[in-house]
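There are 2 protein chains.
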Amino acid sequence: MTVGELSEQEILRRIVVRTGTASAASVGPGDDAAVLRSSGDIVATTDTLVHGPDFRMAWSSGYDLGWKAAAVNLADVAAMGATPTALLVALAMPNATPIELVEAMADGLRDACDALAPGCAVVGGDLTVSATLTIAVTALGDLEGRAPVLRSGALADQTVAVAGELGHSGRGLRILFDRFRDADGEPVAVDPAALGEGERELLAAQLRPAPPLGLGPLAARAGATAMMDVSDGLVLDASRMARASGVAIALDSAALGPDISSALTGGEDHALLATFPDGALPPGFRAIGRTVEGEGVLLDGAPFEGRGGWDPYAEWDGVVG
Amino acid sequence: MTVGELSEQEILRRIVVRTGTASAASVGPGDDAAVLRSSGDIVATTDTLVHGPDFRMAWSSGYDLGWKAAAVNLADVAAMGATPTALLVALAMPNATPIELVEAMADGLRDACDALAPGCAVVGGDLTVSATLTIAVTALGDLEGRAPVLRSGALADQTVAVAGELGHSGRGLRILFDRFRDADGEPVAVDPAALGEGERELLAAQLRPAPPLGLGPLAARAGATAMMDVSDGLVLDASRMARASGVAIALDSAALGPDISSALTGGEDHALLATFPDGALPPGFRAIGRTVEGEGVLLDGAPFEGRGGWDPYAEWDGVVG
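Chains A and B, in that order, give the protein sequences.
The numbering of the first sequence is my numbering, which starts it at 992 and goes up by one.
The numbering of the second sequence is my numbering, which starts it at 992 and goes up by one.
Same shape as in the complex, but just chain A:
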């Protein structure tokens, strides 16, 4: 059965029974707006997954899409040092979308919240029709009385640290592009039997990222001076933090694991990158370098010119799949 064969109300009902309840919500889906308890300053962010540039149906299940749409937004909240409290989900879908895909998406949204940000859930949303499957999520978070941790707060001579994996998601994407396309370059379904154990983890990092987001508020309490999530690759995001803070970030290649190139330029890991005064590194973060006077990103003391990242307008080839 497809969404075109069901009423908007029935589709909504099937989503809402799956998405659970946010502990901060006193009014959830069903009124003009959700109502959320707030103890003070909040953070808000939005990020969209679009069929074509952001995912291929041959590679991602509905569950994967729901999970990833939640995770990438929850990461932005956690990277401010805030605790995620609520998601709003705007779904625009072709009439031919199977309702099972929508239900799986709802399951993925809920499970990502439960796994990465317990207490957070979908509190509202919007359903409409579109020629292009589009999942626009807004995430809200509570700073619980703390100041936000901005990307501009790093001082020279501090520890640069990361929580979560670097490069795994990008390596997972490369596996998909290299091995799961047909002769015409069209995406084909992943054969799990064709994957080694480590490769399964890399694919999961790409399709269902699970960065340790509870460490965001922990880092804030530990005195992180700057923080951001690594969505465009370590080098590009570190260069943004360096520029915003007016320092250079000197990375130590020995701390970046065996695949240094992927760790430096692979995107979509959503790990947390943060700077701390010496001695303040909280559990779960590992040092990967230091801030120093200057600008840009250094690797083992020398300026690093590669950048990574992905510009959707310049780089999408138009393939949908």
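Quick caveat, the hints were computed from the structure, so don't treat them as lab data.
Keep in mind that a hint or two might mislead.
As the list claims (entries may be wrong) - Which residues of chain B face chain A? A partial, calculated answer using Cβ under 10 angstroms:
#1 V1026
#2 T1037
#3 G1292
#4 A1293
Claimed, not checked - Some chain B residues well away from chain A (every beta-carbon gap over 12 angstroms; in silico):
#5 V1041
#6 D1045
#7 A1073
#8 D1098
#9 D1105
#10 P1109
#11 A1130
#12 A1138
#13 E1192
#14 S1252
#15 G1285
#16 D1291
Quantities reported herein were computed from a predicted structural model and do not represent experimental measurements.
Ideal Cβ placement from N, Cα and C applies to all residues, glycine included.
Chain A is fixed; fit chain B onto it per the hints.
Leaving out everything else, chain B in the frame of chain A:
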């Protein structure tokens, strides 16, 4: 010049210089998330405009699209009795989108906030590429210590009132469909010279709705027992309020203006529908009926069976234009 010829950063820069600053924002665009001052409970809602089902480029300018995307969301916030504080805007656009359209959209977003909800502005967003131009807006609002006004709070024997026009937007849409399509049914540009004065107002109500949203918080302070925005036509939305509240809503046709049919079933007005104890009607609201024991919507004492409303999955004909 098109968005495909510009970098994401340059597109963002051109938007942000236009969208202004929300008075509640202590951190705006540029970090992982926006930071908003909040004095207590907040409301949050999201609504999307999709090219095809929701707008036609021949009829709507970029400015219209930005304005309407803001207005429909601000109305949902005001209908809770909250004061809108911030918008997040997720834009997914084809590479061929002219940058002037994006800039005009940013102008429209800002002007709608300034006109309908002063102090509110765009605090964050997301840019990505898509085959389908999609504008997903999330609006946040502050309850300023008040309880939210739900659609479920109406009691029997109260005044039913509305602030804003009813049926104008639907009549405007009918003018577009009836008179500004070519022989193949494709939308063509509106010739202003072909419109009478009153017709220009109807088109503006459809393309740039301007409901009196400041009356939402005013109604809450005046003791409104239920409130919602009229987005799917008066009858359908009143029937939702009636069902949620466990009452019937008895409308008085003499209060609905000369085009009663449009007032009852035309959509997209985003007027505020509210119920008040007798004697509590605040300025700007006009009585259109009463709540009574029972269920459903009555017109001049008889059950009204028409409904209006629009189901995007069942009713979009696939035309883009």
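Hints versus structure:
1. V1026: 5 angstroms, holds
2. T1037: 4 angstroms, holds
3. G1292: 28 angstroms, violated
4. A1293: 26 angstroms, violated
5. V1041: Check fails; 4 angstroms does not lie beyond 12 angstroms.
6. D1045: The claim is violated: D1045 of chain B sits with its nearest Cβ about 7 angstroms from chain A, within 12 angstroms.
7. A1073: Given that some Cβ of chain A is not farther than 12 angstroms from that of A1073 of chain B, nearest at about 7 angstroms, it is violated.
8. D1098: For D1098 of chain B, whose nearest Cβ neighbour in chain A is about 20 angstroms away, the distance exceeds 12 angstroms, so it holds.
9. D1105: D1105 of chain B is indeed farther than 12 angstroms from all Cβ atoms of chain A, at 20 angstroms.
10. P1109: Check passes; 19 angstroms lies beyond 12 angstroms.
11. A1130: 8 angstroms, violated
12. A1138: For A1138 of chain B, whose nearest Cβ neighbour in chain A is about 9 angstroms away, the distance does not exceed 12 angstroms, so it is violated.
13. E1192: At roughly 25 angstroms from the nearest Cβ of chain A, E1192 of chain B sits farther out than 12 angstroms, so the non-interface label holds.
14. S1252: About 23 angstroms separates S1252 of chain B from the closest Cβ of chain A, which puts it past 12 angstroms; holds.
15. G1285: For G1285 of chain B, whose nearest Cβ neighbour in chain A is about 22 angstroms away, the distance exceeds 12 angstroms, so it holds.
16. D1291: About 28 angstroms separates D1291 of chain B from the closest Cβ of chain A, which puts it past 12 angstroms; holds.
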